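The task is simple: from the sequences and hints, build the whole structure.
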Amino acid sequence: MTRNALPLADLQALMQRAILDGDASAVLPLIPGNGRTTSDVLFAVYQHAYAARLVGVCKGDYPLLAALVGDEAFDRLARAYIKANPSTTRNARWFAHALPGFLAEAPEYAGAHELSELAMIERALNDAFDAADAPVLSLADLGSVPPESWSDLVLTPHPSATRLALASNAHALWLALRDEQAPPAPAALGETQHLLAWRQGTTAMLRPLSGEEAMMWDEAARGIPFGRLCELVAFADDPDTAPVRAAGYLQAWLTSSALSSASLAADPPALAAAGC
Numbered sequence: 003m004t005r006n007a008l009p010l011a012d013l014q015a016l017m018q019r020a021i022l023d024g025d026a027s028a029v030l031p032l033i034p035g036n037g038r039t040t041s042d043v044l045f046a047v048y049q050h051a052y053a054a055r056l057v058g059v060c061k062g063d064y065p066l067l068a069a070l071v072g073d074e075a076f077d078r079l080a081r082a083y084i085k086a087n088p089s090t091t092r093n094a095r096w097f098a099h100a101l102p103g104f105l106a107e108a109p110e111y112a113g114a115h116e117l118s119e120l121a122m123i124e125r126a127l128n129d130a131f132d133a134a135d136a137p138v139l140s141l142a143d144l145g146s147v148p149p150e151s152w153s154d155l156v157l158t159p160h161p162s163a164t165r166l167a168l169a170s171n172a173h174a175l176w177l178a179l180r181d182e183q184a185p186p187a188p189a190a191l192g193e194t195q196h197l198l199a200w201r202q203g204t205t206a207m208l209r210p211l212s213g214e215e216a217m218m219w220d221e222a223a224r225g226i227p228f229g230r231l232c233e234l235v236a237f238a239d240d241p242d243t244a245p246v247r248a249a250g251y252l253q254a255w256l257t258s259s260a261l262s263s264a265s266l267a268a269d270p271p272a273l274a275a276a277g278c
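Those letters in the sequence shown? Residues 3 to 278, per this note's numbering, in order.
The hints are simulated quantities; they were obtained by calculation from the structure and are not laboratory data.
These numbers were taken from a predicted model, which means no experiment stands behind them.
Possibly wrong hints are sitting among the right ones.
[Said to hold, decoys possible] Computed beta-carbon distance windows for the label pairs: (1) A236 x A142: 47 to 55 Å; (2) G58 x D132: 16 to 24 Å; (3) P88 x V246: 49 to 57 Å; (4) A108 x A267: 21 to 29 Å; (5) N87 x S153: 45 to 53 Å; (6) A54 x R180: 24 to 32 Å; (7) A236 x L141: 18 to 26 Å; (8) D220 x N93: 29 to 37 Å; (9) L141 x D240: 22 to 30 Å; (10) R209 x R78: 19 to 27 Å; (11) F237 x A54: 51 to 59 Å; (12) D220 x R78: 54 to 62 Å; (13) R78 x F131: 22 to 30 Å.
Every residue gets a Cβ at the ideal spot worked out from N, C-alpha and C, and that includes glycine.
Okay, here's the thing in structure tokens:
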């Protein structure tokens, strides 16, 4: 086989397969050596550059995970991910998106829940920053809703919002690493910790939710009307204070820009945010 025997597209495909599979036997005869080095060394340059670039992409998306495990361990982790998830897109932004799931399932990392959950936090914040623009609902936008209709109010989360559930102290690790402090030792939690990630203005935000607020958020995101949400809150804890608690959660979502719109269950057109 000579190096001119294949069309360019076929040569590129052959080169790509060799880089991804690690088997250069079919492509080495097509790479001319020179007086300074051989074709296998030249091929290794391309192979190294491919992996090194994607390791850099992973580190750019998950800098706190990299800080937690250290450079060498992160390099091994990222290369294992690259091997299991070859790049399929020209947009590097999405290459490392599946890393949290990989860490949760790969045998060598699945037992360290803090790794996948720390990566999950970083991905949620990246996604919040990149999420589509949408109206932001405020309390004033709900001023036209008659008091007797509030029970039928259906709330729509902002597209940047993601609710997370953690079994480890990944949030404590994230806080320490974000502030460039020594992180605590990884640990399992006695009960699930709930977080909400979203974008407020141009800033990706993260805050803990109580179990009750997380439940109300999840049900609101499913389209459950506000009156029913209040009933669920009453069932979860003291029914006498349920309306106040539910109203407090709603106010927090409105003031933090976590909601995009609202509609009445019997009135499909949305009550869009003012000015949008």
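Taking 22 to 30 Å as the stated bounds, is the beta-carbon spacing between L141 and D240 within them? 25 Å, holds
Starting from the range 29 to 37 Å, see whether the pair D220 and N93 falls in it by beta-carbon distance. At 31 Å between Cβs, range holds.
Confirm or reject the claim that A54 and R180 have a C-beta distance inside 24 to 32 Å. 26 Å, holds
Is the gap between the beta carbons of R209 and R78 within 19 to 27 Å? At 33 Å between Cβs, range violated.
Is 49 to 57 Å respected by the C-beta to C-beta distance linking P88 and V246? Roughly 53 Å apart at Cβ, these two residues keep to the hinted range, so it holds.
Cβ-Cβ distance between N87 and S153: within 45 to 53 Å? 46 Å, holds
Status of the given 21 to 29 Å range, CB of A267 versus CB of A108: 44 Å Cβ-Cβ, so the 21 to 29 Å window is violated.
Outcome of range test on Cβ distance (A236, A142; 47 to 55 Å): 27 Å, violated
In this structure, is the beta-carbon distance linking G58 and D132 contained in 16 to 24 Å? Hint holds: Cβ distance 19 Å, inside 16 to 24 Å.
Assessment of proposed distance window 22 to 30 Å (beta carbons of R78, F131): Holds, since R78 and F131 (Cβ atoms, about 28 Å apart) stay within the stated range.
Within 54 to 62 Å: is that where the Cβ-Cβ distance between D220 and R78 falls? 36 Å, violated
Verify the CB-CB distance for A236 and L141 against the hinted window 18 to 26 Å. 22 Å, holds
Going through the hint list in order, the structure does not satisfy hints 1, 4, 10 and 12.
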